[in-house]
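**Q** Please take these sequences and the hints and turn them into a complete structure.
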Amino acid sequence: MQDLLIIAVHGIGAGAIFALVGMSFNVVFNASGILNFAQGNLLVLGGLFALLTLPGEPSVTGWLVLLPIAAIVLAALVAIQGGITLLPLRSSVEQHSWLITTLAASVIISGVLMIYQGSAQPTVHSPFAGFRLMGMRVPASYALATLLAILWYVALYLFHTRMLTGLAMSAISQDLDAARAAGLRVRRLQILSFAISGLIVGSAGFVAAPVMAIASDSGISYVMNGFVAAVIGGIGSNLGALIGGFLVGVITSYAAFNYGGEFQDAVALALLVGVLMLRPQGLLGRPAARRV
Amino acid sequence: MARALARINLLRGADGAQALIGIVLVIASIVIPILAGSAYWTHNFLIVSLFVSVAVVQNLLLSDAGQVSFGQGAVFGIAAYTVGMVGTLWSQGFVIGALCGMAAAILLGLLFALPALRVQGYYLGFVTLSAAVVFPQMLVALNDYTNGINGIPVTVPGLSEQGQTGFTLIALLVIVLTSAALLFHAAFRATRAGRRMRVAAASPEAAMTLGIDPGRLRFLAFSIAAIGTGIAGLLYVPVLGFVSPYAFRVDLSIFFFFSVVIGGNGQLLGPLIGAWILYLVPNALLAGWSDYRLVGYGIVALLIMLVFPDGVVGSMMDRLRRFRARESVPLIAMDHLLNDPVTDLSPPASATSAIVVTGARKSFGQLAALGGVDLSVTAGHIHGLVGPNGSGKTTLLNAISGLAPLDSGVIRIDGTDATRFAAHRLAALGVGRTFQTPRIFDSMSIWENLMIGADAAPTHDPWLLRTLARDEESWSESRPDLLPHAQRRVLEIMRVIASDAPILLLDEPAAGLSPEERRDFARLMRFLRDRLGRTILIVEHDLDLVWRVADRISVLDAGLIVAEGPPDEIHDNPRVRALFTGTINA
Amino acid sequence: MLELRDLHAGYGRVPVLRGISLAVAPGEIVLILGPNGAGKSTLLRTVGGFIKPTRGTIMLAGHDIAGMAPEDITRRGLRLVLDGHRVFPTLTVYDNIRLGAAFRGGRMDFDKAAGPALDMFPALREKLKAEARDLSGGQQQMLALAQAFVAQPQVLLCDEPSLGIALALIPPILEFLRRWARQGTSIIIVEQQIEIALGIADRAVIMERGAIELTGTAQELRGDARVHDIYLGLADRE
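Chains as they are written, first to last, in this note's numbering: chain A, 1 to 292; chain B, 1 to 586; chain C, 1 to 238.
Quick caveat, the hints were computed from the structure, so don't treat them as lab data.
Every value quoted in this text rests on a predicted model; they were computed, and no experiment measured them.
Don't take each hint at face value.
Coverage of chain B stretches by chain C, computed from C-beta distances (three or more under 8 Å per stretch; other residues unrestricted) [stated by the list, open to error]:
hint: 1; segment: 482-489
hint: 2; segment: 537-547
If you want the footprint, here are the derived chain A segments under chain C, 3+ residues with CB under 8 Å [what the hints assert, rightly or not]:
hint: 3; segment: 29-40
hint: 4; segment: 182-191
Just so it is clear, CB atoms sit at the ideal spot from N, CA and C, and this is done for glycine as well.
**A** Below you can see the structure in the form of structure tokens.
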């Protein structure tokens with residue numbers, strides 16, 4: 001019983017981060033058909049921001065002020081990255097160009113993290129104390145990350161269904177030609193989608209920093225798990241990513257608890273292969289796995 | 001293979017020349033540091049040459065077979081690690097270790113090929129990337145077998161002993177491997193399998209109508225990549241003398257992929273240039289700043305991608321070709337083909353039906369594209385299939401060529417029930433087809449574009465290629481990307497003629513042709529029927545052309561045949577007139 | 001208002017348009033007819049910016065818009081309504097219409113801007129909160145036109161508004177276009193079938209193989225046997 005609780009708490013906490021990465025994938029993918037490989041490292045960069053700005057014993061006020069700043073800084077960064085990614089897309093090797101530019105961005109961030117971090121793994125302290133759930137100590141960051149994932153899901157839902165800009169972004173994902181005929185500026189909306197994905201991973205990285213590995217090689221693992229979450233839910237569906245994230249989180253932490261933490265990514269890989277072989281469109285996905 | 005090697009003509013042709021330059025560069029990069037006595041640079045260039053050979057087979061996998069794999073580093077690593085485990089930890093020696101390493105590499109490579117049958121593009125990319133992430137984690141996790149993060153020291157006496165001049169056996173092996181990889185890639189492209197692989201990657205549906213099973217070629221590509229990568233992984237062990245999980249992290253896989261694209265996707269020399277730039281620039285310039293290497297290498301990749309979107313070698317070749325192209329584009333003339341004294345190949349057996357479709361139904365969701373179509377095409381006839389937009393013409397053509405199976409109904413080709421046949425089996429039955437947009441492959445020469453058709457012919461010595469033999473030389477040196485549309489159309493039809501298919505399905509062949517080109521085209525149609533005995537089913541909007549050439553015409557409307565008969569009868573039919581002019585209830 | 005001079009364009013390297021010249025005055029409705037594959041839709045897509053012309057000019061209110069992106073052309077007052085009643089399926093009718101004016105920053109009085117369209121198409125007013133995918137084909141076409149209407153373009157291009165629509169719904173759609181033109185908007189309609197829109201057109205042109213073969217008023221073309229010959233591919237017969 002206690003074991004199951006540990007698995008559930010850790011799984012949901014980690015799953016929330018995967019769900020957030022998955023949703024940030026979707027925002028960009030829906031607007032541009034691009035999967036930003038750098039999303040994982042950008043998340044870690046959000047964590048690095050927390051590491052650099054938060055003092056050893058941070059205050060709640062300071063934390064609340066820095067959270068939106070982290071999100072905005074990352075949004076600006078990702079918007080620039082998006083601009084660079086979209087730049088050469090008129091050339092003859094379209095697909096490979098974004099695969100390369102987003103991977104290259106990921107590698108560059110990895111390199112920056114390596115310079116900052118050296119070899120020691122620093123930790124970030126949260127201003128919130130953990131709490132006890134049925135006798136088990138739960139770090140506040142797990143609860144905050146879960147809350148953030150749900151908040152972002154609701155915010156994205158409202159954005160895409162209520163706000164004119166969000167509607168325009170939905171429109172370009174539903175019918176690109178009709179959207180252009182309606183006068184919607186596709187390139188700008190796509191860059192904006194990169195910026196929004198930056199807000200998501202920036203805030204997520206900042207909030208989850210105390211329970212995250214802020215290291216040069218952890219981004220790729222987050223990107224992979226986030227992608228698995230998005231694929232399980234169905235690429236493009238935010239509700240799918242939310243559910244998929246928690247599923248991946250709980251299943252991999254079950255594996256990690258029983259067989260060791262090194263097996264967490266291996267289980268995620270097995271999940272990915274399983275879903276793609278059996279149900280490529282995911283739980284809530286629209287079309288089947290798109291061929292490129 | 002020997003014939004193919006002769007074909008690439010090493011001194012001419014972009015592939016052969018690039019391979020040759022590559023081999024010279026590889027030899028020079030290893031021999032010069034050895035002669036200069038620089039152990040540091042010898043070591044570096046041995047490593048980078050091994051990486052080049054992995055990138056060469058990755059180039060084949062990516063650009064010839066169209067498969068995105070971010071996991072080749074894991075294949076490389078599993079070969080190397082197996083040598084360490086079997087050879088050192090289990091004391092079986094290098095040779096047994098190497099054999100096991102190869103087996104492991106091929107096994108993992110084929111595991112990558114499995115999802116490739118189901119998903120493509122970045123989905124496949126992500127699966128293989130994830131495998132590359134997990135691989136080093138498993139090396140650590142399974143430390144009972146792998147010695148964990150401590151790695152495994154491996155000494156292979158003999159391979160690394162220096163001769164009097166400073167040469168080692170391993171240096172020789174590395175040179176041989178890298179050269180062989182480059183030569184193999186150039187030669188493979190001139191083989192039937194090599195051409196078919198590129199066709200399957202560029203247009204799977206066109207490939208299937210040429211009798212190609214794309215899945216098998218993907219498997220072949222993953223196998224070739226696994227073998228090349230595996231051998232490089234084996235040699236990596238004696239070069240370094242040590243294997244550890246750290247060396248086979250995901251960065252290595254990304255490095256291989258970057259090398260290919262930065263050098264120039266599809267260019268023979270691309271992987272070498274790409275790997276050199278990516279490995280040497282950060283290592284040489286940032287030698288004392290090891291922490292900055294990763295950033296440096298990411299920035300180099302990003303900048304090159306922005307400045308040379310087609311890769312370094314690709315962009316250079318592009319400029320070179322543009323410069324040369326101004327001189328001449330060969331003309332694909334039909335005249336000497338149409339005037340060729342052909343012996344009639346197969347006089348049409350009169351009154352037999354080449355294609356019989358009965359009760360064909362096909363729906364897309366709610367929409368019934370075909371609502372019970374019967375169609376009979378007599379052997380040796382030109383049969384026109386006309387109708388308004390969305391009446392189901394292309395759907396029917398796709399069903400007959402096996403690209404989109406019917407919901408119900410029967411398709412017989414020369415009496416054989418082919419209803420459930422996949423496209424490549426229908427091609428084997430003698431059904432060839434063209435597409436609305438001609439499927440011409442710009443990365444191949446004009447002659448190779450024809451050869452794809454000949455590759456599908458049962459005899460391998462089709463009449464057409466013999467007739468055109470005098471054009472082989474000039475067409476082998478030119479690519480079709482500068483051909484005007486009408487010429488591409490003709491090239492595609494010549495390809496399907498070269499396949500010796502007795503039944504031809506043509507989808508809107510006259511679209512985009514000028515009036516003179518249409519007249520030539522009508523001549524070609526009659527030539528195919530009267531002199532070569534082909535049966536032709538033609539879908540066409542240009543009714544004028546259909547009236548001119550067709551023996552019989554079927555009119556489709558809303559998924560049903562509404563009229564059938566000879567041209568005169570059809571264009572006097574009031575129902576048909578109303579259908580095409582849109583006069584309601586005329 | 002709109003003037004095309006010697007326009008050439010095609011898909012990739014397939015030439016489709018071979019020198020189209022055509023002028024449309026404010027408030028005029030021009031109908032483009034022609035058999036399948038004549039290049040009618042290609043012409044609209046070229047003027048709308050989706051296909052780059054290889055030669056020729058497209059003058060909109062005195063400015064050459066040839067080669068501009070579709071979204072910029074729309075912003076300059078030329079609106080293309082694509083064929084196949086294309087709307088944004090998971091958005092509501094209300095939001096679909098709203099998006100038509102989004103390029104102006106979204107400040108619009110919905111009732112005032114969309115009123116005439118909704119008066120003409122009461123079915124849309126009833127279903128403002130429904131998702132567009134739940135409408136019938138004809139209602140989706142009405143929605144696509146309403147979306148274009150709120151953009152208040154100077155020139156409207158309408159590609160096969162009757163395609164895939166129940167016959168009974170075609171008259172109100174044509175009537176809407178007729179009233180719209182009376183406000184001074186230039187309208188080009190492409191139709192495959194000769195009779196459908198001839199009644200509301202001031203002028204019609206017949207295209208064949210990427211060129212304009214015949215042009216005249218509706219009355220002139222109605223009695224012209226050459227129109228049917230072009231459609232049936234019999235025009236070139238000696």
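**Q** All the hints need checking, so say for each whether the structure fits it.
**A** The hints, checked one at a time:
Check result for the segment 482-489 of chain B against chain C: holds, 3 residues qualifying (beta carbon to beta carbon below 8 Å, three or more required). With 7 residues having a beta carbon nearer than 8 Å to a beta carbon of chain C, the segment 537-547 of chain B meets the requirement of three or more and the stated coverage holds. Counting residues of the segment 29-40 of chain A whose CB lies closer than 8 Å to any CB of chain C gives 0, so the stated coverage by that chain is violated, three being the minimum. Counting residues of the segment 182-191 of chain A whose CB falls under 8 Å from any CB of chain C gives 5; the rule of at least 3 is met.
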